[in-house]
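Undergrad: Starting from the known structure of chain A, fit chains B, C and D onto it as the hints suggest.
Chains as they are written, first to last, in my numbering: chain A, 0 to 255; chain B, 0 to 255; chain C, 0 to 255; chain D, 0 to 255.
Hint data in this document are derived by calculation from the structure and do not stem from the laboratory.
As the list makes no split between identical chains, a pair holds if one copy fits it or if it spans any two.
Here are the simulated BS3-like cross-link-like pairs (lysine-lysine), alpha carbons at most 25 Å apart as the crow flies: (1) 233 x 127; (2) 142 x 62; (3) 148 x 62; (4) 62 x 153.
4 protein chains.
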Amino acid sequence: MQKSTLVRLKDDLEIKKPVMLVGLPGVGLVGKLVAEHLVGELEAEKIMEVYSPHFPPQVLVNKDCTVRLVSNMIYHGKANGNDVLFLVGDHQSTTSHGHYELCSLYLDVAEEFKVPRIYTLGGYPTGKLTYDETVLGVANDTKLIEEIKNYGVKFREFEPSGGIVGASGLLVAFSRMRGIEAACLMGMTPGYLMDPKSAQSLLKVICKIFDIEVNMTSLEKKAEEMESIMKKLKEKEEQLSFQEVKSTEEDLCYIG
Amino acid sequence: MQKSTLVRLKDDLEIKKPVMLVGLPGVGLVGKLVAEHLVGELEAEKIMEVYSPHFPPQVLVNKDCTVRLVSNMIYHGKANGNDVLFLVGDHQSTTSHGHYELCSLYLDVAEEFKVPRIYTLGGYPTGKLTYDETVLGVANDTKLIEEIKNYGVKFREFEPSGGIVGASGLLVAFSRMRGIEAACLMGMTPGYLMDPKSAQSLLKVICKIFDIEVNMTSLEKKAEEMESIMKKLKEKEEQLSFQEVKSTEEDLCYIG
Amino acid sequence: MQKSTLVRLKDDLEIKKPVMLVGLPGVGLVGKLVAEHLVGELEAEKIMEVYSPHFPPQVLVNKDCTVRLVSNMIYHGKANGNDVLFLVGDHQSTTSHGHYELCSLYLDVAEEFKVPRIYTLGGYPTGKLTYDETVLGVANDTKLIEEIKNYGVKFREFEPSGGIVGASGLLVAFSRMRGIEAACLMGMTPGYLMDPKSAQSLLKVICKIFDIEVNMTSLEKKAEEMESIMKKLKEKEEQLSFQEVKSTEEDLCYIG
Amino acid sequence: MQKSTLVRLKDDLEIKKPVMLVGLPGVGLVGKLVAEHLVGELEAEKIMEVYSPHFPPQVLVNKDCTVRLVSNMIYHGKANGNDVLFLVGDHQSTTSHGHYELCSLYLDVAEEFKVPRIYTLGGYPTGKLTYDETVLGVANDTKLIEEIKNYGVKFREFEPSGGIVGASGLLVAFSRMRGIEAACLMGMTPGYLMDPKSAQSLLKVICKIFDIEVNMTSLEKKAEEMESIMKKLKEKEEQLSFQEVKSTEEDLCYIG
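Chain A on its own, in the form it takes in the complex:
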């Protein structure tokens, strides 16, 4: 357990050239929300667990009060008859070295299953509190970019201008070195809080790509909850601004 370790939970897997979908925690938890929603809706089955000393030294508590080590997991499911591998997890690496080590391990798995294409999912932080349903993309191949444009994904020159930090970006770059097509699809999001609304926009694109339909009720419910939280935050903000105006007026009182 002192190196990143892959634990196989199933023997004799029959998986044919699966597309790999990666939704690890990141900006707005957008990618994680989408991938885990699909794991649930498509009743995908956990086939592998990944443990690593590059994850936080932490356990999480299950409903029945047993614990499990922080991990990443690979699920196998079917979308419209085609095999799909889902890479999801509790945390990304806490170190730069770990990012390189873990992404390398994930691509070993991808090669083992002859994965022809990888989609990594994430959020693109806008820094604004307004909603934007755009899904932005980058990829490791210009042909792939042309294809993905058909699903409504936007591609903007040099964007994200600050690059992409973490597994979502690294996997796309590393995939090229292994001859695997890969794209990173990002839902626009304020970036401050979990964003199930942005996740819905991204999920719609994924559904088009896989030519499937999935129930989004749980995401919609989460989105409503978050919207009500954001509304309260906004109200507080406005109150604060109002108070500032008031206190400025008061400040003026004793000067004149």
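TA: Same frame as chain A, but now just chains B, C and D:
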């Protein structure tokens, strides 16, 4: 000394299937207080020392002005005729990697002595200044949970909701992979200061588990000292709040 | 990809005793600006890429929305008929260990091509907002210092007094151990922002050393942009000071 | 250069059972000041250099504008006819792991030369601005403590209560494991600034131990300079307190 190192202080140890009790420094020092109190009361004997470059690069000074390297130690004692190993220490690992390495080393020792069960002790931070004598538990096995409930330990779904960071949690998760039963028992504590009162609550549970009685005078004395410190802190806090109210009134003076 | 890795893009390179010019990101981006400007003007060709887990775990996005891994690169060009190697890049190492590892790797390349001399380029932070066109130098050999003085580079006892952190300094020190002459040339710069004006001063010195002339239009344009930004910053600063004075006067109002 | 490396500058050294004196940078630079003063006064000769990726990735600039890599160095000198090794340097390790690695390397050198005793020198931070000429000690052997008391070194139970961080402490603890007597001697110091006055107190003790006399003029001069700086700091502090009192009075003005 460039890797974590186990130093054996005794040969020919006759220890039969000992339960292991782990009390390393953590929230409120609750686990450390309980384990070290038992080491003293049960006159346990130090049998191993663990040194590691993952501990801070620090020495501590003894009463006679000699120094000793920061370390973790394993003691051997008897509780009601049964062998017990106590894992205590000055520090936990300062790195994530070190946590994985050291927990692995501790479980090698547990396997060597055929330890059937491990209790890791810790504190559960409530963030409130009021006292709560609850002892909360998690475990690596549902049967074990049922058994431990009999000793008054509470189990709450998904709690601690933030998981458990450090050796107390990792050892429970890793134990499962080695076929060792393990539970983490946590005294509720404000979490800001050393909490000997929470340690007493936890110690009472441990005494029930081991079917022993121990003198708690020293813990009670420490608890009284801490209570007097907390009382002073609270008074200061109230004074501060009172001043705030006053200063608000004063602010109003020169506006009107 | 779990160690620093050199990727060769060209076979059968015919390069004769090239001088190596190093312009990695650093204070005011002065060294990077100069080296990348020369790579462009001399139409140097990329011959090697260096990847490392000591760089940030990040990809950058190209104009066509493909991504590339953060890297350092070596270019080959000709200056006045002589071979020159340019070492440029997106980032320096994020760890101390990585600095040692990468500098070692760069000097392996230098030895392979029988590089007789290395110039590392950087900025010298003055902490003042005024412009200074001085270029300051240090070297690993006193004869080399005498030679470089002829190109207008200034050498001041014990300066920079705080030493030089990063690859620019390490490469000069390590070069000596490999019998390679090396000097670090630093443009004076406020150090807060990208400084294309300081880069121009440094570039002029490099042109003298290589006995070449290069078009500086793009650097001049960047310098104008930065000057307009700095002007705005200064104005804001003055406004703020003015406001402070005013508010002090206002404060006085209600006391008297 | 990717591991800590010892470079030998001299062959055929004739050194008989030398005492080792360690003065690396630390609290108040007390140990460094004392050891480097002795290196100068006893005209000790540099015999080894230690480089390490655990030092900052930095070069320092000499008077003649050549650079040298940050390093630790071992000097050989004679005190009253007896051989002495001095371990001095620019920096301590920046990582916990590096502290363990480097101390191990230093003790390999000590064993090679059959060093019978090591004194590590340091400062003991009092947190007060008043001067205290006490020299405090800890050691790895009670007999050694009794001997050193004769030189005026004070030993206080459990002090320093927070232990000793860094090479000064580790070397004393590690020495015991190698059968080498070792003590850490600490000059009391405010701990905020370089403290040549505390260094003088410590140097006097060392002179007694080695039965030598050394010229202290340069340390006295440095002490005077620092005293004048501290005087100015105190004046500023008092001015500030005075202003606070004034401003409190002014605050009261507009309330009443």
